[in-house]
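J.: I would like the entire structure built from these sequences, with the hints used as guidance.
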Amino acid sequence: MNNENTEQMENADHGEMARREVPGMFEGPILPLIARLSLPVLAGMLFQLLYNIVDTIWVSRIDLNDPSFVGGTGLIFPVIFFFMALASGVSVGVSSLVARAIGEKNREVLNKIAESGLIMAIILSIICMGTVYGFGPQIVRAMGAEGDYYKHGLNYLLWVTPVALFAFVGNVFFGIFQGEGLMKHMMVAMIIGTVVNIVLDPVFIFALNLDVRGAAIATGLAQFISLIYALSIFAAKKTLVPISWSISNVRLEIIKKITVIGLPQAMGQITMSIAFLLLNRLVVSIDPLAMTAYSLCGRLDQIVLMPSFALAAAMITIVGQNAGRGNLKRADHAVKVGYAAGFVVVFSFAIVMIALARFIYPLFSNIEEVVNYAVRQTYTVELFFSLAVVGIINRSVFQAIGYPMPAFFITLMRVLIVSVPAAYLYVGVFNMGIYGVWFGMATGIVLSFIVSLVWVRYVMRGLLNGTREIRHT
Numbered sequence: 000m001n002n003e004n005t006e007q008m009e010n011a012d013h014g015e016m017a018r019r020e021v022p023g024m025f026e027g028p029i030l031p032l033i034a035r036l037s038l039p040v041l042a043g044m045l046f047q048l049l050y051n052i053v054d055t056i057w058v059s060r061i062d063l064n065d066p067s068f069v070g071g072t073g074l075i076f077p078v079i080f081f082f083m084a085l086a087s088g089v090s091v092g093v094s095s096l097v098a099r100a101i102g103e104k105n106r107e108v109l110n111k112i113a114e115s116g117l118i119m120a121i122i123l124s125i126i127c128m129g130t131v132y133g134f135g136p137q138i139v140r141a142m143g144a145e146g147d148y149y150k151h152g153l154n155y156l157l158w159v160t161p162v163a164l165f166a167f168v169g170n171v172f173f174g175i176f177q178g179e180g181l182m183k184h185m186m187v188a189m190i191i192g193t194v195v196n197i198v199l200d201p202v203f204i205f206a207l208n209l210d211v212r213g214a215a216i217a218t219g220l221a222q223f224i225s226l227i228y229a230l231s232i233f234a235a236k237k238t239l240v241p242i243s244w245s246i247s248n249v250r251l252e253i254i255k256k257i258t259v260i261g262l263p264q265a266m267g268q269i270t271m272s273i274a275f276l277l278l279n280r281l282v283v284s285i286d287p288l289a290m291t292a293y294s295l296c297g298r299l300d301q302i303v304l305m306p307s308f309a310l311a312a313a314m315i316t317i318v319g320q321n322a323g324r325g326n327l328k329r330a331d332h333a334v335k336v337g338y339a340a341g342f343v344v345v346f347s348f349a350i351v352m353i354a355l356a357r358f359i360y361p362l363f364s365n366i367e368e369v370v371n372y373a374v375r376q377t378y379t380v381e382l383f384f385s386l387a388v389v390g391i392i393n394r395s396v397f398q399a400i401g402y403p404m405p406a407f408f409i410t411l412m413r414v415l416i417v418s419v420p421a422a423y424l425y426v427g428v429f430n431m432g433i434y435g436v437w438f439g440m441a442t443g444i445v446l447s448f449i450v451s452l453v454w455v456r457y458v459m460r461g462l463l464n465g466t467r468e469i470r471h472t
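Residue 0 is where the sequence shown starts when you use numbering that gives the first Met the number 0, and the numbers rise one by one after that.
Careful: at least some of the hints might be erroneous.
No more than 20 angstroms apart at the CA atoms, straight line, and that leaves these computed lysine to aspartate or glutamate pairs for EDC-like [said to hold, decoys possible]:
no.	residue 1	residue 2
1	150	210
2	255	103
3	104	252
4	328	468
5	150	286
6	104	468
7	237	20
8	150	62
9	237	107
10	328	26
Hints in this document: simulated from the structure, not taken from any laboratory.
T.: See below:
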């Protein structure tokens, strides 16, 4: 009788999982599935980008003739990116594990992963906040900041740091949403945070006269409200993954599995943060005004790259769930369709950005040299992003099948092994000035495109012919 009851419970559980599967996940046309999963993510990202643009406009309008407000906050971006890298690592680790567990119908992992991820998020946020409040001035000095650049950069860093807690916890929830294919909930959470931030920015920056500190406070409140929305989804039991808020659900084995996938992802992002630091110092040494333009381009380049990240998010879900279910041919087909769709969309976005660059950047600065630097950087680098989409998708493919180290190496090669040394070589040896930095970035993109494409095709062929296996949950 007990065996019969157990079997009935398992059948009921599998039936519930089947009812909650994303329609078209395991059969049917791939392109509509990719669109259905990636477009909500893209919409959420576009709203976040809108915030970044509006936030930059508000910060620049503290004093349009003083580039240190935008430049100072831009200089500490590698530190913020470091936080984002760790949070992204947890999110990717959770999403990969959830996707494969759904494919394998592994209810044990699904029941325990939320609390395990949340413990990791809380510990990491405490470590980050302690580091900034203990060594903030030294960190900002290490960015190469001086004078007003140092003052505004430090102020922003100290006030934005508490956001780390909301960001880490929120990324655990986002990882669950992504792994399950609940992209609309991710989109709504991102939109809520963005709209609240846009509304609060002028209040705290100008009405309360808090300059860059106001921008940081507005970010914190917006992230908190976005987090409340994500919590409401779990409270309404709209996910396969439950949150019981029980410490007994924390499993060291699951934490290890999240870490195995997430740590290389975080290391890759941290590598990018180090590369940004080194490139920032190189750009500042060429011309501080070029640094302001470099910061502006870095934010607006996200418009062009965003479809790549949306497709990569969809790939983790599609490839992870199908590989977990054993549908390897479908997973492979999804990757190829993702390449084609990504190239077309990113190339189109790049052309539009090049056409509008001369009109966009004067919105952010009245200084002619800053605008000229930004426009020339856009003309030089933008089209290369259509190749970057392949490397970005390939990282997610490796993560989805449980192969995190190749994903890390792709990032490491692009930024630290190639882009940074190439930039310093072009500037220091060939005297190319700021063009050396831009062509260094392009060199890294091209080489990572070639290597990652060859590597993924080799691994996928191994999975298809049975000489390799995905990493099971």
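J.: Taking the earlier hints as the rules, which of them does this structure contradict?
T.: none
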